[in-house]
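*Asks:* Under the working numbering, the first residue of the sequence shown is numbered 1, with each subsequent residue one higher.
Be aware that one or more of the hints could be misleading.
SDA-like mimics (lysine to any residue), calculated; alpha carbons at most 20 Å apart, straight line [said to hold, decoys possible]:
#1 K106 with I63
#2 K106 with T35
#3 K37 with V82
With beta-carbon atoms standing in for the labels, derived distance ranges [stated by the list, open to error]:
#4 P25 with K76: 20 to 26 Å
#5 S87 with T58: 24 to 30 Å
#6 I98 with A18: 18 to 24 Å
#7 V19 with I98: 32 to 38 Å
#8 F31 with F108: 18 to 24 Å
#9 V82 with D42: 36 to 42 Å
#10 S87 with A23: 17 to 23 Å
#11 L86 with R27: 39 to 45 Å
#12 K26 with K76: 44 to 50 Å
#13 I70 with N105: 31 to 37 Å
#14 L79 with D42: 21 to 27 Å
#15 P25 with V82: 28 to 34 Å
#16 P80 with V15: 23 to 29 Å
#17 V94 with L8: 18 to 24 Å
These are computed hints drawn from the structure, not numbers from a lab. Since the model is a prediction, treat every value here as computed from it, not as a measurement. Note that beta-carbon positions come from the ideal geometry of N, C-alpha and C, so glycine has one too.
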Amino acid sequence: MMWIMGLLCPIIFIVIAAVILIAKPKRNSLFGYRTNKSLSSDEIWNYANKIMAISMITINAAICIPVVCIVNAFVKDTLPIVFNALSTAMLGLVATVIITQVSINKKFK
1 MMWIMGLLCP IIFIVIAAVI LIAKPKRNSL FGYRTNKSLS SDEIWNYANK
51 IMAISMITIN AAICIPVVCI VNAFVKDTLP IVFNALSTAM LGLVATVIIT
101 QVSINKKFK
């Protein structure tokens, strides 16, 4: 049962990214990849959200879930599992932002 706690963050991020990828939200002030550059046009907004969603799904599935599963196999306390899941997910978010921003800057100079 404790392994579910470790997988909660990566699964939530994957679900959020899937919703963004499928729903393709319009420019707004609440939801999506919102930077000054991504909000400057619909074309950049759509591209940024697509790249962000794909990156978030890939990173969370490829890195976060295996790392969390390995830690869950060896650690029996709840706090280290939750801390590991949160820190891995946050590193995944940072990587997602970097990948998205670099992609935007390459495509829209």
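*Asks:* Run every hint past the structure and note whether it holds.
*Replies:* Results of checking the hints against the structure:
1. Restraint check: the Cα-Cα separation between K106 and I63 comes to about 25 Å, which exceeds 20 Å; the hinted pair is violated.
2. With a C-alpha separation of about 16 Å, the suggested pair K106 and T35 falls inside the 20 Å cut-off, and the hint holds.
3. Distance restraint check for K37 and V82: the Cα-Cα separation of roughly 34 Å exceeds the 20 Å cut-off, and the hinted pair is therefore not satisfied.
4. The supplied range of 20 to 26 Å is broken by P25 and K76, whose beta-carbon atoms lie about 41 Å from each other.
5. The given range of 24 to 30 Å is broken by S87 and T58, whose C-beta atoms sit roughly 19 Å from each other.
6. Checking the proposed 18 to 24 Å range against I98 and A18 shows it holds: the Cβ atoms sit about 21 Å from each other.
7. Range check, V19 to I98: Cβ separation about 22 Å, and the 32 to 38 Å hint is violated.
8. Range check, F31 to F108: Cβ separation about 21 Å, and the 18 to 24 Å hint holds.
9. Look at V82 against D42: about 39 Å separates their beta carbons, and that is inside 36 to 42 Å.
10. A beta carbon spacing of about 29 Å between S87 and A23 contradicts the range 17 to 23 Å that was offered as a hint.
11. Checked against the given bound of 39 to 45 Å, the beta carbons of L86 and R27, roughly 30 Å apart, lie outside it.
12. For the pair K26 and K76, the supplied restraint of 44 to 50 Å holds, since their beta-carbon distance comes to about 46 Å.
13. For the hinted restraint 31 to 37 Å between I70 and N105, the CB-CB distance of approximately 34 Å keeps it satisfied.
14. Checked against the hint of 21 to 27 Å, the pair L79 and D42 fails, with Cβ atoms roughly 44 Å apart.
15. Our hint of 28 to 34 Å for P25 and V82 holds, since their Cβ atoms are close to 30 Å apart.
16. The supplied range of 23 to 29 Å is met by P80 and V15, whose beta-carbon atoms lie about 24 Å from each other.
17. Checked against the given bound of 18 to 24 Å, the beta carbons of V94 and L8, roughly 19 Å apart, stay inside it.
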